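Residue numbers (the numbering used here): -2 to 541.
Hints may be right or wrong, so weigh each one.
The calculated EDC-like cross-link candidates involving lysine to aspartate or glutamate, where the alpha carbons are at most 20 Å apart (straight line), are [as the list claims (entries may be wrong)]:
1) LYS369 x ASP463
2) LYS309 x ASP261
3) LYS369 x ASP452
4) LYS392 x GLU270
5) LYS309 x GLU391
6) LYS449 x GLU327
7) LYS392 x ASP463
8) LYS392 x ASP471
9) LYS130 x GLU156
10) LYS309 x GLU270
11) LYS392 x GLU327
12) LYS269 x GLU156
These are computed hints drawn from the structure, not numbers from a lab. Quantities reported herein were computed from a predicted structural model and do not represent experimental measurements.
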Amino acid sequence: MRTPNLNVGARTPTINPTITPRINPTIAARPTVAVRPSVDTAARTPPTRIGTMSSTLRVRPGTGVRSTLPYARFSPNLYPACQYAMRGPDGECFDRPVTSAGGGNGNSASAKKGKGGSGNNNAQAAVNLRAVKNELVAEIDGALSTAEADQLARRHGLERIASQSFPLLGGTIGLFRIVDNRPVDTVRRELAADGSVRSVQLNFRYFLQDQKKASTEGDAAQYAVAQLRLPQAHKLVRGMNVTIAVIDSGIDARHPELANSVADSFDALGSKEGPHTHGTGIAGAIVAHARLMGSAPEARLIAIRAFGAGSKGAESTSYVILRGLDYAAEHGAQIINMSFAGPKDPLIERGIAATAARGILMVAAAGNAGAKSPPLYPAANPNVIAVSGTDAQEKLFTASNRGNHIAVAAPGADIFLPAPDDKYQITSGTSFSAAYISGVAALIMERNPALKPGDVRTILTNTARDLGIPGRDDQFGAGEADAFAAVTAAAAAPAVPLASASGKPAGEKAPALDPSADNASVSRALNDAPPSMAADKSAVNAAK
């Protein structure tokens, strides 16, 4: 397999032919694929139009046995090629230079002031590009009836799109649209001054963190399985009885890799859209259990659709993501996977703080905006485990964000995952790095259900394999996660120092990486009691 060497500035990946992937030599066949884009239906967020993307799978002659997998579909490139000056703080490309995101991400840059105060105008334009045009999100008096909420909107020249009570925040949040051409800031100030309104903000946009597959080769053998030491960890635990909410695009729950894994679902968009490549791939990275191997194949998923297709790829908003967080917290999620990124958002920050207060673990993608990007959210929130991406050579995924908020790293380049309609895809992004870590966290929590989110974070970081410069760094955080070491440490916590479990036990022999053998039924996870360390057997042995 070859790992793309991405040029962050132009976002045009190239291939370094001198790199030899470090894959476990016990893998017999590594089919290589090439792709040709065609058309497929993606999810949609009204009122924007539907975007489409798919691909086909071909086996290149002379590179091993032919793949038996069906056609592959590739996730859309949510960050098109553009110069850094044209890229916003959340990694999105715009059609004109952006300067400051003042008030949006907490990292305002000083705009050059020209005639007529153009610096302030450019700053405001940058903020507006990262929010839904003419929409405001406001916390309103919960005692207001629907008719009274509509009257509130009309008093300020607004249309109430939606409003609901959010138990997570203990308040009522409304989504409003400006119906005339008044400046957003003017309307925001006027609405905030109303006695029935607690707070007002823009309805910010968020984007899923994957990258279009640009190279022509990939490895169906899942190098991530070996790097994370999943087969060894799965001898002990497989994520049984741990519930993970996935706030993402639509998931194809009927895919063989995901059979019996989706215990609940919620459409925060209120749409009738079909499954999407990104959400299906994220679910696969966590629970795949047929031909592929997820990090926690017997975890239970709550599939929350919060992202639909926009003009620049799958996107969501402050209001919709808050609906997803609220549903996850109210329906028993123990872990929430957030493979998306955007600006610092007061409303989502409140939601995350409330979620953390309930003892729910949150994992987020660091982002794919590259080395020059400021910290993206929700990953930069201290209550969230931020995950950067690595490749098959355990180098940093070139598009991955950096920063002192990065906790750990996990594979995120050229990942082989399920796609809708029984298909498969090869895709890249810190989205999938985060998903793997959500699954590893589930393994830790099954092994020791008494652990708190802070304990899980400590185990993940203390057992990670150090990469890059010695010690913690802004690229890999504590290093690349080691599922087996983490699970071993979880069983011993807190009696045994975590560092003692971080190394590979003497004489340990890694099992053959045959994902097709790891196909134990996930349905038993819904009924059986968690296995003991002595009684549990690996899926590899059970399948023989």
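query: Which hint numbers does the structure go against, in order from smallest to largest?
result: 1, 2, 3, 4, 5, 11 and 12
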